[in-house]
Amino acid sequence: MKTKKIFFLIFLFTAFVLNHNVFAQSDSEKVNNFASRFNQYENAIKNAASLDECNVIGENIAKLKEEFADSKTLLEKSLQINYDEEFLKIERALEVRKGDFTQIVQLTTEVGSLKDKVSELSQQNEGLISQIKLLNIRTAKDAATIASLTKLVAQLKSNIEQRDQLVRGIVDSLLQEFVKTPGTLNEAEKQAVFKKVDNGNLFYNIERTISDNVQFMKVTQMTADDLSKMKEQYRDFNKVWRQVGPKLAEVYLNRRDKAAQVANIDALFTDWDLRINDEMWGQVNKLFRDYKLALLPFRSGDQFVNSVTSFVDDEIKNYGIKSSEESEKTFYAFTDSVYFRTVQPVWVPVLIENNLMTEANKDSVEKRIATWKEKVAPASKMNWIYIIGVLVMAALIAAYFLKGKKIKPITFEEKS
Amino acid sequence: MSFQKYFSALLLLFIITACSSLTLKPADYSWPIENVLKVDSKGFIEEQRYSFTLKVKALFYEEFKDSTNFSGKEIRLIRDKVGFYYITGKDFKNVYVFEPEENGMDLENKILVTETGLLSPAFNQKSPNIELLDSPNKYLLNYKGIVRK
Chain R
10 MKTKKIFFLI
20 FLFTAFVLNH
30 NVFAQSDSEK
40 VNNFASRFNQ
50 YENAIKNAAS
60 LDECNVIGEN
70 IAKLKEEFAD
80 SKTLLEKSLQ
90 INYDEEFLKI
100 ERALEVRKGD
110 FTQIVQLTTE
120 VGSLKDKVSE
130 LSQQNEGLIS
140 QIKLLNIRTA
150 KDAATIASLT
160 KLVAQLKSNI
170 EQRDQLVRGI
180 VDSLLQEFVK
190 TPGTLNEAEK
200 QAVFKKVDNG
210 NLFYNIERTI
220 SDNVQFMKVT
230 QMTADDLSKM
240 KEQYRDFNKV
250 WRQVGPKLAE
260 VYLNRRDKAA
270 QVANIDALFT
280 DWDLRINDEM
290 WGQVNKLFRD
300 YKLALLPFRS
310 GDQFVNSVTS
320 FVDDEIKNYG
330 IKSSEESEKT
340 FYAFTDSVYF
350 RTVQPVWVPV
360 LIENNLMTEA
370 NKDSVEKRIA
380 TWKEKVAPAS
390 KMNWIYIIGV
400 LVMAALIAAY
410 FLKGKKIKPI
420 TFEEKS
Chain X
550 MSFQKYFSAL
560 LLLFIITACS
570 SLTLKPADYS
580 WPIENVLKVD
590 SKGFIEEQRY
600 SFTLKVKALF
610 YEEFKDSTNF
620 SGKEIRLIRD
630 KVGFYYITGK
640 DFKNVYVFEP
650 EENGMDLENK
660 ILVTETGLLS
670 PAFNQKSPNI
680 ELLDSPNKYL
690 LNYKGIVRK
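Keeping their order, the protein sequence lines are chains R and X. Residue 10 is where the first sequence starts when you use the numbering used here, and the numbers rise one by one after that. Residue 550 is where the second sequence starts when you use the numbering used here, and the numbers rise one by one after that.
Be aware that a few hints might be false.
[Stated by the list, open to error] When the alpha-carbon atoms are kept at most 20 Å apart in a straight line, the in silico SDA-like pairs for lysine to any residue are as follows:
#: 1; chain 1: R; residue 1: K86; chain 2: X; residue 2: Y578
#: 2; chain 1: R; residue 1: K86; chain 2: X; residue 2: V631
#: 3; chain 1: X; residue 1: K639; chain 2: X; residue 2: L668
#: 4; chain 1: R; residue 1: K86; chain 2: X; residue 2: K639
[Said to hold, decoys possible] Covered by chain R, per the in silico footprint, the following chain X stretches (three or more residues, Cβ under 8 Å):
#: 5; stretch: 580-589
#: 6; stretch: 629-643
The set of hints was computed from the structure by calculation and includes no laboratory data. Ideal placement from N, C-alpha and C gives every residue a C-beta, glycine not left out.
All chains, full assembly: derive it from the sequences and hints.
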C-alpha cells in the first residue's frame with residue numbers, strides 16, 4: 010500500500026515537471042500569438058456580416074483578454090501598447106460595427122415597405138397607361154371621354170411622381186451607405202449593399218421608373234412646362250445614379266448579371282434623356298407642321314437654325330415666283346402664328362435652359378426672320394400702307410362729320 | 550614653500566575632479582522578448598525595433614566552421630539587464646554572449662549548452678538572467694555561464 014502511494018507521488022511529481030517543461034512557452038511566441046489573434050479579431054470586426062457574428066467576436070475578445078491577463082506586462086513592453094486601452098479600442102470598434110447592423114436592419118425594413126408601395130404604384134400605373142391608350146385610340150372623343158382622359162393622365166402623372174420619389178429614396182439610402190464607407194468596401198459591407206439592392210428590387214424599380222416616364226411621354230401630350238419638369242427630374246435622378254452606379258458596378262464586379270444590369274441602367278438614363286430632348290424638339294416641329302410649314306426635321310439647336318435658314322432662303326428665292334399673297338401668308342403664319350406666338354416665348358427659354366439651344370442659335374433664327382421680313386413685308390411698304398390707311402380713315406371721319414352737320418344760312422338782321 | 554605645496558595640492562585636486570568620468574546608474578537594457586532574425590546573403594541581420602544591423606558571418610564560422618552556409622538561417626537574439634547580447638540558433642551547440650563595443654560586438658563568453666545541438670531554441674527574459682528553452686529542456690543563463698539547468 011505504502012509502495013503504491015510512493016509510486017503515485019513519484020508519478021505526480023514527474024508529470025508536474027514534464028508538464029511544466031512541455032508547456033514552457035517562448036515569450037516571443039506568446040506575444041506573436043496574442044498579436045496575431047488580436048489582429049484576427051480586428052479584421053473579423055471589419056468583415057462581420059451579421060449581428061450574431063459580432064456577438065461571437067465579442068466573446069472571443071473577452072476570452073483573449075482573460076487568457077493573456079497574466080502576460081499583460083510582457084505584452085505591453087514587447088508590443089509597446091497599453092493592454093487595457095487596446096481592449097477598450099477593439100471593444101468600441103465592435104460596438105460601432107454592431108450599430109451598423111442595427112441600422113442596416115432598420116433600413117432593410119424601411120426599404121421593404123418602400124418596395125411594397127413601389128409595386129402597388131407600378132401596378133396602378135400599368136393599368137392607367139392601358140386605359141389612356143384605349144381612350145386615345147377612340148377616334149370620336151366626346152366631352153366625357155376627354156374629361157376621363159384628363160383625369161387619368163393627372164392620376165398617372167401623380168402616381169409616377171410618387172413612385173419616382175420612393176425609388177429615389179431607396180437610391181439615396183444606398184448612397185448614404187457608400188458615403189459612410191468611402192473607398193473599397195469589405196466583404197461584409199458588400200453583402201449589406203447586395204441585401205439592400207435585392208430587398209429594394211432596386212435595379213428593376215429604376216428600370217421601371219425610367220420606362221414609365223418614357224411611356225407617359227408617349228401616351229400624353231406634354232407641355233413645355235411638363236417636359237421641363239421631367240428634364241429636371243431626370244437630371245436629379247441621374248446625378249444620384251451617377252454617384253451610386255459606378256460604386257455598384259465596382260461592388261458587383263464579380264457578378265456578371267448584376268454588372269450588366271448596372272450598365273443597362275446607364276443606357277436607360279441616356280435613352281430617357283434623348284427621348285425628353287426628342288419630345289421637346291418634336292413638339293416644336295409639330296407647331297410648324299400644324300401650320301403646314303414644311304421645315305426640315307431638327308433635333309438640336311444647330312439643326313433648328315439650319316432648318317429655319319433653309320426654309321427662309323427657299324421662301325426668299327421663291328418670292329416673286331409664288332404669288333406675293335402666298336408668300337406673305339407663309340411669312341405671317343411662320344412669324345405671327347408660330348414663332349413669335351409660341352416657339353419664342355414658350356419653348357425657346359426651356360430649350361436654352363436645358364442646353365438644347367444657345368442664345369446665339371436664337372439670334373441666328375431671328376436675324377434670318379428679319380431678312381425674310383425685309384423681303385416679304387418691308388417696313389417701307391408697310392409705311393405706305395399705314396399712311397394710305399390713315400388718310401382713308403381721316404377722310405371717312407371728315408366725311409361723316411361733314412354729312413351730319415347742317416349748314417345754317419347766314420342772315421343779316423337790319424337794326425332799326 | 551608652504552604656499553607652493555598648498556597650491557600644487559589644490560591644482561592636483563582640481564585636475565582630478567575635472568578628469569573624473571560621469572556615470573549614469575542604474576540602467577536596464579533588457580529586451581522584453583527575443584528577436585528572431587534572418588541572415589541575409591551578405592551575412593547581415595537587421596533589427597527593426599532597436600534599429601541596428603550586424604554582420605554575423607563570423608559567428609557561423611565559429612559555430613560550424615563554415616562561413617558559407619548562413620544565408621536564410623535564423624538566429625535568436627536577446628539582451629539582458631546588464632546589456633550583454635545572447636545569440637544562438639537552431640543546431641547551435643553554444644550560446645554566444647557579446648558585449649557591445651564601438652562599431653561591433655566583442656565576445657564575452659561562449660556557453661556550451663548541448664553537444665548535440667539545439668533543436669528549437671528560444672530565449673525568454675528572466676531578468677537578471679536569460680532563460681533558454683529547447684523543448685523539453687530549460688536553461689537559466691547569465692553572461693558567465695549556465696546558472697541552472
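Hints, one by one, checked against the model:
no. : hint             : verdict
1   : R:K86 to X:Y578  : 13 Å, holds
2   : R:K86 to X:V631  : 18 Å, holds
3   : X:K639 to X:L668 : 6 Å, holds
4   : R:K86 to X:K639  : 26 Å, violated
5   : 580-589          : holds (count 5)
6   : 629-643          : violated (count 0)
The structure fails to meet hints 4 and 6 from the earlier list, while all remaining hints are met.
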